[in-house]
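Could you build the full structure based on these sequences and the hints that come with them?
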Amino acid sequence: MRLRLTPSKAAGIITILGTFVLCQAQNPAAPGRSKPLPPPVAPTGPLDPRVDQILTRLENRQIDDLHAKVSWKLRYVLDLEEDAITKNGEIWYQQQKPVAKFLISFNNRVSGGRLHKLDERHMFDGRWYIEENSETKTFDKREVRRADDPGDPYRLGEGPFPVPFGQKKADILRQFEVTLGQPGANDPPNTDRLHLVPRPGSDSYAKYAVVDVWVAREGPESGLPVKVEATKKRGTGEVDSFITIEFKQAELNRGFSGSIFKLEPKPGYEVYEERLEPAAPPK
Numbered sequence: 001m002r003l004r005l006t007p008s009k010a011a012g013i014i015t016i017l018g019t020f021v022l023c024q025a026q027n028p029a030a031p032g033r034s035k036p037l038p039p040p041v042a043p044t045g046p047l048d049p050r051v052d053q054i055l056t057r058l059e060n061r062q063i064d065d066l067h068a069k070v071s072w073k074l075r076y077v078l079d080l081e082e083d084a085i086t087k088n089g090e091i092w093y094q095q096q097k098p099v100a101k102f103l104i105s106f107n108n109r110v111s112g113g114r115l116h117k118l119d120e121r122h123m124f125d126g127r128w129y130i131e132e133n134s135e136t137k138t139f140d141k142r143e144v145r146r147a148d149d150p151g152d153p154y155r156l157g158e159g160p161f162p163v164p165f166g167q168k169k170a171d172i173l174r175q176f177e178v179t180l181g182q183p184g185a186n187d188p189p190n191t192d193r194l195h196l197v198p199r200p201g202s203d204s205y206a207k208y209a210v211v212d213v214w215v216a217r218e219g220p221e222s223g224l225p226v227k228v229e230a231t232k233k234r235g236t237g238e239v240d241s242f243i244t245i246e247f248k249q250a251e252l253n254r255g256f257s258g259s260i261f262k263l264e265p266k267p268g269y270e271v272y273e274e275r276l277e278p279a280a281p282p283k
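Per my numbering, the very first residue in the sequence shown carries number 1; after that it's consecutive.
Hint data in this document are derived by calculation from the structure and do not stem from the laboratory. A few of these clues could be false.
To be verified - In silico DSSO-like pairs for lysine-lysine, Cα to Cα no more than 27 angstroms straight-line:
hint, residue 1, residue 2
1, K169, K101
2, K141, K97
3, K168, K266
4, K168, K248
5, K69, K266
6, K97, K168
7, K69, K262
8, K248, K169
9, K117, K97
10, K69, K97
11, K141, K266
12, K248, K73
Structure representation (structure tokens):
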């Protein structure tokens, strides 16, 4: 096992999970310390009552555990549609004490119109972020949270894993200007579309132009984001790429064993480990 001190590949999974602060994948807060929320920014005008209703439904959706099919698609602005890269797999998320855990497992990748087998996993066990990749035969393990850290690693604007559900309406409005998106031909059925534009000075402003989120309107998935489209920017401010994430066949609050959140390196895999620096002694 080698200790690697260079930045880890955590950006991949956070981009997969992130909807509201995707840019934290590229520039996360210092591990082991919760980043304080910025001062609230008042909306520039009255909030559309329909937007308020959707954000309330999103905040109030109780998710103790989640299992769903997930797809992640990346297309660069100069690419043709057939040049896009899509990864398909499953996600598991479970509330535990002191913090929730997640696992994403990809079993195939589509690129250039061809299907490739894939065995790629990403997991956060409450302390360690782990990425396992069969193509590179690597097992990356990064400590991102201390056991006694009181912060919420999933809270928008605070933690490194802003999952797309259970976010507080006030946090979303602090980071984004939110309007009702226009219906489109590719909208998932029975959903409402929110159009989010990062506010200047927010975590997302330098990295993303817009983020569109489709929230289920009714049924067992009510209040769950089922699709996300993010338009990413270069450092120059020009559009660089488009990321689309979809959750399908979601099973909510049905329960499953927490033993799924265990990953060990396979024989022959190279293991990289990155630990947090020792905590500074109290003054």
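- Message: Of all the hints numbered above, which does this structure not satisfy? Sort the numbers upward.
- Response: As far as the earlier hints go, 3 and 9 are violated by this structure, in ascending order.
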